[in-house]
Amino acid sequence: MRRLQLSRAVWVVTPLCFGPAVVHAQADSGAPASAELITQARAQLRARQLDSAAVLLRRVTDAPARSPAARVQAWVLLGIVNFYSASDSAASEAFREAFSLDPGLDVAGLDGFDPEIARLAGEARAAVSVGDSTAVRTVAVRPAVAPLYDCLTKCADSVVPPQFVLFPYQMVLDGVVLPARRAHVFVALQAVVDQDGLVEPETVRLQSSTAVGVVEQIERALPQARFRPGFAKGVPVRTRVQLRFDFEAEGTGLIRYTYRVLAR
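Residue numbering for the sequence shown follows the working numbering, starting at 1 and increasing by one per position.
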């Protein structure tokens with residue numbers, strides 16, 4: 001993973017997000033609005049939380065109902081995020097999507113992040129221009145409800161399971177969670193993580209637990225969790241997975257806890 005040099009890059013983020021297109025993005029319906037998601041993604045980028053930024057941006061780029069202007073901004077930012085967290089090809093693809101929506105897009109300043117990003121964006125612009133002049137471009141629209149893949153035991157070979165990006169901090173006291181004379185307990189839940197990296201609350205089910213009094217607290221917090229979604233052949237999909245939370249006494253009256261997706 002490349003190192004993001006914020007001292008060079010942060011000043012570039014603002015004009016990319018708050019150019020003329022934002023006026024149109026703010027007219028989007030739905031909650032949260034595109035402008036809000038992009039603002040949150042900018043904050044995550046500044047904090048070097050690249051996975052979180054990508055999840056937020058995907059909620060804009062992959063939603064055809066959102067305005068083209070908002071999706072263009074999100075694609076450009078996703079190209080930057082992908083450059084640092086994924087690969088050159090993923091960055092290039094994001095830039096191509098942006099130029100497909102707005103061939104006249106001005107992305108001056110990208111070399112403030114890295115000259116290589118500006119080069120990739122330039123190549124993406126050229127590739128879109130050539131494609132438009134030689135053939136009719138067809139864009140596959142993602143279905144409103146993505147296919148569901150069961151990863152409770154083992155994902156299909158073509159499926160990459162989701163991964164936690166963040167889970168809201170929980171104050172957990174050992175006297176509440178740990179039964180007498182036990183230093184370690186766990187909670188195992190199953191849930192569907194959608195193509196936007198969010199838990200579908202109605203799908204949450206308790207599988208097993210040795211903890212006391214914390215299951216409902218975890219279930220209430222899950223809708224605020226963020227995931228890198230599962231992928232099937234490179235496309236975000238819904239996946240049913242097991243979510244495991246482990247709790248250990250720290251000896252201070254508080255509990256240290258970890259969480260992970262159990263899927264192979």
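Any given hint could turn out to be false.
Stated by the list, open to error - Using C-beta positions, here's what the derived DEER-type ranges look like:
#, residue 1, residue 2, range
1, LEU152, PRO103, 27 to 33 Å
2, MET171, THR203, 24 to 30 Å
3, ARG244, ALA86, 35 to 41 Å
4, ASP106, VAL212, 56 to 62 Å
5, GLU216, ASP88, 25 to 31 Å
6, ARG220, SER89, 22 to 28 Å
In short, the hints are calculated from the structure, not lab data.
Virtual Cβ for every residue (Gly too), placed ideally from N, Cα, C.
How the hints compare with the structure:
1. Taken as a hint, the range 27 to 33 Å is violated for the pair LEU152 and PRO103, whose Cβ atoms sit roughly 45 Å apart.
2. Taken as a hint, the range 24 to 30 Å holds for the pair MET171 and THR203, whose Cβ atoms sit roughly 26 Å apart.
3. Range check, ARG244 to ALA86: Cβ separation about 26 Å, and the 35 to 41 Å hint is violated.
4. As the Cβ distance of ASP106 to VAL212 is approximately 58 Å, the hint placing it in 56 to 62 Å holds.
5. A hinted range of 25 to 31 Å is violated for the C-beta pair GLU216 and ASP88, which are about 45 Å apart.
6. For ARG220 paired with SER89, a C-beta distance near 40 Å fails the hint of 22 to 28 Å.
Comparing the model with each earlier hint shows violations of hints 1, 3, 5 and 6; every other hint is respected.
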